[in-house]
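Protein chains: 4
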Amino acid sequence: MKVALFGAGRIGKVHAASIKADPRSDLVAVTDVMAEAAERLAEVHGIAVRSPEEILADPSIDAILIASSTNTHADLIEKGVAAKKAIFCEKPIDLSLERALKVREIAAASSRPVMIGFNRRFDPNFAGLKAALDAGEVGTGEMLAVTSYDPAPPPVAYIKVSGGLYRDMMIHDFDMCAFLFGMPKTVMAHGSCLVDPAIGEAGDVDTAVVVLTYADGRLATIRNSRRAAFGYDQRVELLGSDGMLEARNEIENTLVKSTAAGVSSAKPLFFFLERYMRAYQIEWSAFVDAVVDGKPVPASAEDGVNALALAEAANLSLREGRPVELAQVMAEA
Amino acid sequence: MKVALFGAGRIGKVHAASIKADPRSDLVAVTDVMAEAAERLAEVHGIAVRSPEEILADPSIDAILIASSTNTHADLIEKGVAAKKAIFCEKPIDLSLERALKVREIAAASSRPVMIGFNRRFDPNFAGLKAALDAGEVGTGEMLAVTSYDPAPPPVAYIKVSGGLYRDMMIHDFDMCAFLFGMPKTVMAHGSCLVDPAIGEAGDVDTAVVVLTYADGRLATIRNSRRAAFGYDQRVELLGSDGMLEARNEIENTLVKSTAAGVSSAKPLFFFLERYMRAYQIEWSAFVDAVVDGKPVPASAEDGVNALALAEAANLSLREGRPVELAQVMAEA
Amino acid sequence: MKVALFGAGRIGKVHAASIKADPRSDLVAVTDVMAEAAERLAEVHGIAVRSPEEILADPSIDAILIASSTNTHADLIEKGVAAKKAIFCEKPIDLSLERALKVREIAAASSRPVMIGFNRRFDPNFAGLKAALDAGEVGTGEMLAVTSYDPAPPPVAYIKVSGGLYRDMMIHDFDMCAFLFGMPKTVMAHGSCLVDPAIGEAGDVDTAVVVLTYADGRLATIRNSRRAAFGYDQRVELLGSDGMLEARNEIENTLVKSTAAGVSSAKPLFFFLERYMRAYQIEWSAFVDAVVDGKPVPASAEDGVNALALAEAANLSLREGRPVELAQVMAEA
Amino acid sequence: MKVALFGAGRIGKVHAASIKADPRSDLVAVTDVMAEAAERLAEVHGIAVRSPEEILADPSIDAILIASSTNTHADLIEKGVAAKKAIFCEKPIDLSLERALKVREIAAASSRPVMIGFNRRFDPNFAGLKAALDAGEVGTGEMLAVTSYDPAPPPVAYIKVSGGLYRDMMIHDFDMCAFLFGMPKTVMAHGSCLVDPAIGEAGDVDTAVVVLTYADGRLATIRNSRRAAFGYDQRVELLGSDGMLEARNEIENTLVKSTAAGVSSAKPLFFFLERYMRAYQIEWSAFVDAVVDGKPVPASAEDGVNALALAEAANLSLREGRPVELAQVMAEA
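Chains as they are written, first to last, in the numbering used here: chain A, 3 to 335; chain B, 3 to 335; chain C, 3 to 335; chain D, 3 to 335.
One should not assume that every hint holds.
Treat identical chains as interchangeable: a pair holds within one or across any two.
Said to hold, decoys possible - List time: in silico DSBU-like cross-link candidates among lysine-lysine, alpha-carbon distance up to 30 angstroms:
id	residue 1	residue 2
1	LYS15	LYS132
2	LYS104	LYS297
3	LYS4	LYS15
4	LYS162	LYS22
5	LYS104	LYS86
6	LYS22	LYS4
7	LYS86	LYS132
8	LYS187	LYS22
9	LYS162	LYS4
10	LYS162	LYS86
11	LYS162	LYS297
12	LYS297	LYS93
13	LYS86	LYS4
Just so you know, the hints here were simulated from the structure itself, not pulled from any lab data.
Please construct the entire structure, taking both the sequences and the accompanying hints into account.
Okay, here's the thing in C-alpha cells:
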C-alpha cells in the first residue's frame, strides 16, 4: 500500500515514522507548502517531493495522509475522495461545522476508507478502558470525567488561528466522550482566561469545564487547562453501576526517591508526542487494516463531525451562558 | 469544660467518644427523644440522661453538642445561645436558607463560640491540601474538582426527609469548595436518577454534577453519586498555576497481591465513620480550642449558611436548567 | 478482668491506653522503679501505684502486663505464673536463650495464658498477608523478604544494654519470619557498622542482612538498618508459587503534589508508636480473648524462645562468618 | 558505520531493529548456523547472508554484533579483535572464567571498542537510579537489593546448557550490583529447587538468594526465581545514608479498576523483550557513540569478567555452603 504524505511538520514526521513502521504500508511521496520541510523529510526517508496535483493524479498511490494545516483538510479530503484515494486526515475536518457536514457526506459516499486522526482512541490505556466498559466490567456507565491539561500554552499567534480552545484542544476530549458514551443531548460550557491574558485578549479561554448531559441521564465532565506545571495530564475516569475505571497518566520512569523531604516520583510523559507515540503507531495500523483488510474505520468523518458539533455547542453555550441542545446546533448548521 | 449531648444516634455516639478522648472536655449528660437510645449511651459513658430543658438551665454545663435530627438544629442553636452555651451543631443548620440566615445572626451576636460540624475540613488529607494551597505550594488555585460518592444509597424514607441530594449530601462538597476557594458567583447544577428509581419518584436525584464559577474566573466541579460499588470515594484535586494537589482516598490496608490475574489492592475505607474517624476527633478538639483558648471557630454559622445557599442555588439551577447567580439566591432569602 | 501494669514508660503508656480501650479489661494498678513515672501514669488513669509484691499477692488482679526493662521480664513471668496471673509480657523474654528456655517451660506448665508482645503479628497489613498466604491466594510460599528500618539509631547507651541488633531490633523480623514461614534450618548473618561508628565501637552492627534457609528449600531474607532518612520502613514481601503478596508502608496522609519538580507524596508513619498503634490495640484484645474466652494465645513463650534462638544463631553466624544450624544453637543452650 | 550480525535468533532480531533505528549504523550482513533463520532475517531487512569468514574479512564492515549462542562468544570476540572490528557481544563472554579472562586481555589490547550487552544498565529506570546515586541524592549507598524473577522457567534442555542460574540468569543482577556498588569482597549463595523438580535433577537451582558483602561494609542482596506468576519482576532498591531509591516495574497500562472485589491494576511488562525494548535501543546507541564518537564503552569485557567471577563465586559458595572471597576465585582462575 503506497502512501503520500501531505504536510512535513511535527505531526507529519510522526506519521511518516508510523507508515514506515508498518510493513504493509510504504511511504512514497511527500508534499508541503514549505518546500524546505518537504525536502528534509524526503531526504530522511529516501522518497520524492511531489506536488499535491501529481500525488492525486498518480494511480499507483493508494492512500494519502493529510497532516497539513487545518484550513486545507476539507479541501484535500474532497479532492482525495474524487481521486479515489483512501484518506487518513488529522483532526479537525474543518473549523466550520457546515463545511465538515459536507465533507462527511462526501466521505460517506466514497468507496474508500476515510479516517480522522483521533489518536487518543488508540492509546492503550483509553482503549483498554473502553474495552473494559464494553465488557461490562463496571456495569453500566454513569459518570465520565476527562481531564486534559497541556504543559504550557501555545503562542498567541497559534491561538488566533486555532478556532479556540473548544475546537482546537477540547475537540479530543469531546471525541473521547463520544467514543465512550456516544453523543449527548446538551452541552454546558464554562471557561476563563487564567493562564495568559493575551489569550483572553485574543478572545479565547485557557481554562475550561464542560458538562455533557445525556438523554438517559448519564453525565460527562471535561476539564481543560492550557497549563499544567508538571506536564501533560491526560486522564479518564468512569463511574459505572458496578465500579470505577481509571486510565491514569503514563510517567517518565518508575523511580521513587524517599528522603527526609518526602517521597518523590516521576512526572507524566511530557507532551503528546511522548504520551501518544504508541497510539500514533496503532492508529496508523488501524487505518491500514481498514484499507487492506476492509475492517471498519475506527474514527470516521462522522466522528469528526460529532466532535466539532460538540465544540460548536460549547462555543454557543459559553457565549450565551446557558446549556445548549446539540439538536439545535445540528439543525442550524 | 462540661458538655451535654443532644442526640444519641450514630453520629452522637461518635461525638461522645471524641468528647471523652479530649482530656479538656467532659461529657456529663445526654438527651434524646428516643429515651432508650439516650439510656444506652448514658450507661456506656456513666453519665446522666436529662431533659433538654434541664441541660439548658444548668449553668455548670459549658457547651452543648447538637447531633439530633436536622429539623431540631436551628431551634436548639437559638435556645443554646440564649442559655449562653458554647454550641457545636451538626450540619446543616436547617433545610431552609431563610431560617439558617436568622440563626447566623443570632450566632453572630452570641458571646460564645458557635461551630457547625463540617468534619471534612479536619480530615488530615484535605486540611493538608488547604495548608499546601495557602502556602503557595502550587501557586494560585485555578480549578478545583471534588469527587464524593457514597457506597450505597440510603433508604427512600430517608431521602424524603433529607432535603434532597444537594442539601443533604453535596452540602459537604459545597463547604469543601468554600473552604478551599471561597464563595462562587454562579452555580450550575446537573442531576439524574440512575441508581434507584425510587429516589427519582421521590423527586430527588442520585447522580449529580455541579459547576461553580468564581468572579475571578476560577472553576470548581463537584461530582456526587449515591453509589460506588467499591465504597466511599472522597477525593479533592486542585490545579494551580504552579502544579496540582490531590487528596486521595485512604485505603483499608496496604496489601498488594500480584497474580496471573493482575495486581490487586485494598478498597477505600468503607464509609464516613471509617474515613473521617480522625477528622471527628480533630474537629472536636478544634471546638474545645475555641471554647477554652478563644481560638477562632474553624467552621462558623456563616459557613453553614454559605453551604446551604450553594445547595439552594443548585436546586434552583436544576429546576430551571440554567446557571444561577448566588447573589440572587441570597437576595431572595 | 483486672489488670496491673509493670512499667510506666513509653510502651507502658501505650498498653495502658489499650487496656482502657477494651471494655472487657480494667487497669487497676501500676508499678515502676521510677516512682515518678508510676505516679504520673496512675494520675492520668485514676488508678493506684502499688508495689510488685502487692500486685502479685492481690487475688483480685487477674492479669499482669510486663512492660518494664528487659532484664526484669523472665523474673516477672516466673513470679506471675507462680501467682497464677495471666501474663502479657513485652518481647524479648530475656537476652539469654538458656533463661528464656526455662521461662518457656514454666509458662507451658501454667494454667493461665502467657503471651509475648510480638505486636507486628497484629498489624492489619501483616495479619492480612498471613491470612492471604494461609488461604492459598498465592499458592505455596517460596521466598520471604522482610524490610525493617528505624528512622534513626538510638543512643549508644541504649545499644550497650540492648543485647545487640539481632536480639533487640531484628527479633521482630525473626518473629515475622517464624509467623509466616515457621522455623528455618540455618541462619546466615551479615552485618556492618555504617550509620554510627560509636555503635561499632560498642561491638554492635547497625546495618544487617540475614538469610534463613528452610529444610524444604524456602528462603527468607531480612534487611535491617538503624537509619532511614525517610522514617520507619516496615515492609514484607512474599513470593509464592502463584503470585506475590506485599504489605507496604502506611503513610502519613494521601496528599500528592505534582509540580515542575516532580510528583511528591507523604512519608511512612514516623515510628513504631504511629505505625503500630492499631496493632497494639488488637494485640491487647487478643490477649483478653485468650484470658476471657479461652482462645489460644497468638504469640506464646515458645514464639519468644524461637525468635531469640534465631537471634542467637545470627550472632554466632556473624561472629564465625558461616551459616549456623539452628539445631546446634538449641542443642548448646 | 556498517554492521554485520552474528545470530538471527530472538535477541538477534531485537538488535537488528536497534541497528536500523539508529541513523548512524547500517545493518549490511547476517550470519547464522541455522541458514533458514539467517535467510528470513536477511529478507526482512533487505541485507545479505554471508559466512563468518566473509564478514570478518570484509574491510568495509566496521563492527560486528555477536548474538549467537554463548559457546561461540569468546571465539568470535577474539577473531573480531584480530580483524580489527568494533565488537558488541551479548553476555556472557563465556561460561568459563579462565576463558573470559583471556578474552578480557585481548579486548583490552584492541584499538577498537569491545562492549558486552548488559542491557539493564541502559534501562531508563536503573540508569536513572544510578544517576541519582552518583549525584548524591540519597547520600552514600549502604544496602542494595535486586529482585529479578522470570515469568516462567525455560525448558530443562536450555537449563542443561545454560551454565546454571548464577551464570545464566543472575549474571545480570551481579552486573547490576557491580554497576551500582562496584565489586564486593565476598559472595554467599543460597539456592533451592522449588519451581520445577527437573531443574533440580539437572543439577541447578531455580530459587536463589545471594548476599554480597563489600570491603567497606556495604551489603547487597539478590533474589532470583525462575517463576513469578504475575510476570517479569525487575526491581532495584537502594538504601543510602540520606534516603532510599527504588526502580519499580514498568506496567502494561495505567488502567485501574475499582469494584466491590477490590482495586486492580495491570501486571508488569511480560518479559525482557517488552521490559527492556527501550534499553536495547539505548544500549546500541551507546555502542555507536563509542565507535563513532570515541566515547568510553559503558559495559566492557572487564565488566563481563566481573559478573562471571561473581557467578563463579556463587557456584562455589553454594557448593561448599560458606561465604567465598572473590579474591580466591580470581586467584584460582
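* Okay, which hints does this one fail, numbers in order? -> 4, 7, 8, 9, 10, 11
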